[in-house]
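So the sequences go chain by chain: R and F. Position 146 (the first sequence) corresponds to 146 in our numbering; numbering is contiguous. For any residue, its number in our numbering is found by taking its place in the second sequence, counting from 1, and adding 1000.
To be clear, the hints were calculated from the coordinates, so they are not data collected in a lab. Just so it is clear, the structure is predicted and the values come from calculations on it, not from any experiment. From the three backbone atoms N, C-alpha and C, an ideal C-beta is built for every residue, glycine too. Hints may contain errors.
Stated by the list, open to error - Here are some chain F residues pointing at chain R (derived, C-beta under 10 angstroms):
| # | residue |
| --- | --- |
| 1 | Met1026 |
| 2 | Ala1033 |
| 3 | Trp1038 |
| 4 | Asn1094 |
| 5 | Gly1096 |
| 6 | Ile1099 |
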Amino acid sequence: MAKYGAVLTYPDGKPFYIDGTRPLALLRKQSFNLKVNDSNNAVLSLDSANTGNLFMYFVFFNSTSCSGRQGVFDGNNCIFAYNYNGGYVSGDVYVFSIFNQPTPKYGIAVWDSSGNSILTNETKVLKGMERCPPVVVSGARYLNYDTGIVKAASTLSTTGLVTYRLGGGGGVTPIAQEEYYSGCARNGATTLLYSVPGVVAGSGGSVVSSAGYGFFPYFIDASMYD
Amino acid sequence: MAEWGIQTWDESGEVNNFGFVITNVMDYISMSANTDSWTKSYTLPASTVLEVAYVATENDFSGNRKKKFTISGGTVTMTTVSEVNITGYMFPANSGYIIIYAKGI
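For reference, chain F alone in the conformation it holds in the complex:
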């Protein structure tokens, strides 16, 4: 039995509720390796914070170029930096998708 919320069962009586958890994609954007800066604001749902994931779709960056994302409230900003060491939301500057999602706090 679920501790809270809802539970569902299949015809054999087996629990089959997998879907109702917090995985809330606010937006996703295709971004090329040459995009040097970018920003966008979102209306942040209550009790959530924004997080960013980055999926490379190509291997087309050069040197130490990195895409660095910073989050302030509902605003996500990307700048291009030249760094060797990685901190926070920093990714090799390949072409790819940015995924912006709300995470419960």
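The following block holds chain R by itself, in its conformation from the complex:
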């Protein structure tokens, strides 16, 4: 609590802002449309990974055949995006971070003790973040959750690995593996969270093992930030 000044509170006494904290806020929204390579993936390079700054990426894909994971490539935080149908992978990424806010021409702003503007009435703060409810994990295809939101966007990660034994007689039986990734795309009227293979490699084979890693993404109502 501040030593002096004014405090804005909700009717039950909860403060609007807590001294010493910083809000996660929308840094930018970025649309992407990338051609996938021969491995059916594309790299969406976003922000430097060497600054120590926190970046939280929420992604909406334009198709349920698309998926991805967060990673680092050439010193940048990035999204490794996949489309198991090949072609292009497209959608929107909402980048949230903690950063000094531009001061609006008029309105309200909060500064920290160093004189940094950290929150204004125009700050697009992260709000309404939910986590996909964890369920009993059985195999790589476990993630299938209807958010009930028209346009949601979610965090991404690897979700599992399926190993196949492919057909063919004699000699060493060939093995194929499909890595699964999470995705978030419109399915009818609402947005679905799902896990799908980045590349289909085991067609016609028999499943030897299907491991789920237990990743359950966070998601937001992306339409608030469009």
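Dock chain F against chain R, hints included.
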């Protein structure tokens, strides 16, 4: 008109107050996949509870390793477990950021 608190408008008279809501990040920490245990205490603001979010920045964990976070008052503790089923604040043990934030109750 806001039910309570404050409201602001732009030069056209359109409401433009988006910022003043409870999203209070107390701390964020970069944690490697190999970090097996961790704990830290925070001074918890009145009428709030701590919550934890975890953002993977790499795909570098192995097996069923999970980072499991427990919260007791203002103290957050992480242990490494080997679990298949997920409960509570449990995440694949990838490198990433822990975000500790205060949420109003």
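Here is how each hint holds up against the structure:
no.	hint	verdict
1	Met1026	holds (6 angstroms)
2	Ala1033	violated (12 angstroms)
3	Trp1038	violated (17 angstroms)
4	Asn1094	holds (7 angstroms)
5	Gly1096	holds (8 angstroms)
6	Ile1099	holds (7 angstroms)
Checked against the numbered hints above, the structure breaks hints 2, 3 and satisfies the rest.
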